[in-house]
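Top to bottom, those sequences are chains A and B.
The first sequence runs 1 to 99 under my numbering.
The second sequence runs 1001 to 1151 under my numbering.
Possibly wrong hints are sitting among the right ones.
[Unchecked claim] Taking CB as the label site, the calculated pair distances span:
#1 S1002/B <-> A19/A: 23 to 31 Å
#2 V57/A <-> P1126/B: 17 to 25 Å
#3 D35/A <-> G1095/B: 26 to 34 Å
#4 E20/A <-> T1091/B: 31 to 39 Å
#5 E21/A <-> E1118/B: 40 to 48 Å
#6 G34/A <-> A1122/B: 35 to 43 Å
#7 L1131/B <-> E21/A: 46 to 54 Å
#8 D1006/B <-> G54/A: 26 to 34 Å
#9 G34/A <-> D1136/B: 47 to 55 Å
[Unchecked claim] Okay, derived cross-link-like pairs now, DSSO-like style, lysine-lysine, Cα gap no bigger than 27 Å in a straight line:
#10 K85/A <-> K1132/B
#11 K1132/B <-> K1143/B
#12 K1030/B <-> K85/A
What the hints contain is simulated information worked out from the structure, not anything from laboratory work.
Ideal placement from N, C-alpha and C gives every residue a C-beta, glycine not left out.
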Amino acid sequence: MRAVESLGSGVSTKGMTMAEETVGCGRVTGTVGGDTPAEGQPPETTTSQEVHVGVTVGQQAPDFKAPAYYQGGFTQVSLSDFAGKWVLLCFYPGDFTFV
Amino acid sequence: MSAVADRYADLQELGVEVISVSVDSHFVHKMWNDHELTKMVDGGVPFHMASDQAGNIGRAYGVWDEDQGIELRGRFIIDPDGVIQAMEVLTPPVGRRIDETIRQIQAYQLVRASEGSEATPAGWMPGDVTLKPGPDLVGNVWKVWNPSMEK
Chain A
1 MRAVESLGSG VSTKGMTMAE ETVGCGRVTG TVGGDTPAEG QPPETTTSQE
51 VHVGVTVGQQ APDFKAPAYY QGGFTQVSLS DFAGKWVLLC FYPGDFTFV
Chain B
1001 MSAVADRYAD LQELGVEVIS VSVDSHFVHK MWNDHELTKM VDGGVPFHMA
1051 SDQAGNIGRA YGVWDEDQGI ELRGRFIIDP DGVIQAMEVL TPPVGRRIDE
1101 TIRQIQAYQL VRASEGSEAT PAGWMPGDVT LKPGPDLVGN VWKVWNPSME
1151 K
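Excised from the complex, chain A in its bound form (with noise of 0.2 Å):
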């Protein structure tokens, strides 16, 4: 979320230009602060040990970027779009689950 700071405060969502992503046949996956997806590579499986990493309450939330569905299209999304604004962010365990 530092590196953009200088986007100010305020910035809106309404009327935000979505750029449209190219729909692809790669699976994609959303990225960690400046790291590169490996497009069209499958996930990494690991059979190593859990690294736990985490975040905890009072910390800088890691800024992040993923290709996202959004009013109808595919586009990107980062959490530092929304710099500036307040943030609810949901991780739920999948889609078409029941809760």
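Go by the hints and put chain B onto chain A.
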């Protein structure tokens, strides 16, 4: 996510943007929105539904479940400076309560507006008394607040 979508107008009124994240592709998000969520919420999901198939974002936020390959039900309230003010992580079978999320956002917004001079006691709801931390309040909280005030 339909519960959050249903309260999106209230969230927008509070100046809050929403991003949802799961390991499903954005194509599946579209199908879920078009075929189910639109039947639960007028107009469907109005916010970005992000796709994190490799779990990179989930790992960064500590909600990645390695065994199931999914993201746990993690909810983060992030302030305008990009600081995480609140987080809640639930295992899959229990859903969140959006009213409580909105209450917490309102409380954090009040604290921020007061530049930290006010704090909200347990059970605080908008309009209720706040606490003004300082030397005079030490040992005297009972004079201004007690648990029976929590509705």
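Evaluated hints:
1. S1002/B <-> A19/A: 23 to 31 Å: 27 Å, holds
2. V57/A <-> P1126/B: 17 to 25 Å: 21 Å, holds
3. D35/A <-> G1095/B: 26 to 34 Å: For D35/A and G1095/B the Cβ distance comes to about 31 Å; the hint holds.
4. E20/A <-> T1091/B: 31 to 39 Å: Because 37 Å falls inside the window, the suggested range holds.
5. E21/A <-> E1118/B: 40 to 48 Å: Check passed, 44 Å falls within 40 to 48 Å.
6. G34/A <-> A1122/B: 35 to 43 Å: Holds, at about 41 Å.
7. L1131/B <-> E21/A: 46 to 54 Å: For E21/A against L1131/B, whose Cβ atoms are near 48 Å apart, the range 46 to 54 Å holds.
8. D1006/B <-> G54/A: 26 to 34 Å: The hint (26 to 34 Å, Cβ to Cβ) holds, given that D1006/B and G54/A are roughly 29 Å apart.
9. G34/A <-> D1136/B: 47 to 55 Å: Given a distance of about 48 Å, which is inside 47 to 55 Å, the answer is holds.
10. K85/A <-> K1132/B: 26 Å, holds
11. K1132/B <-> K1143/B: Given that 27 Å is the threshold and the Cα spacing comes to 12 Å, the pair holds.
12. K1030/B <-> K85/A: 26 Å, holds
Violation of the numbered hints given earlier is absent; every hint is satisfied by the structure.
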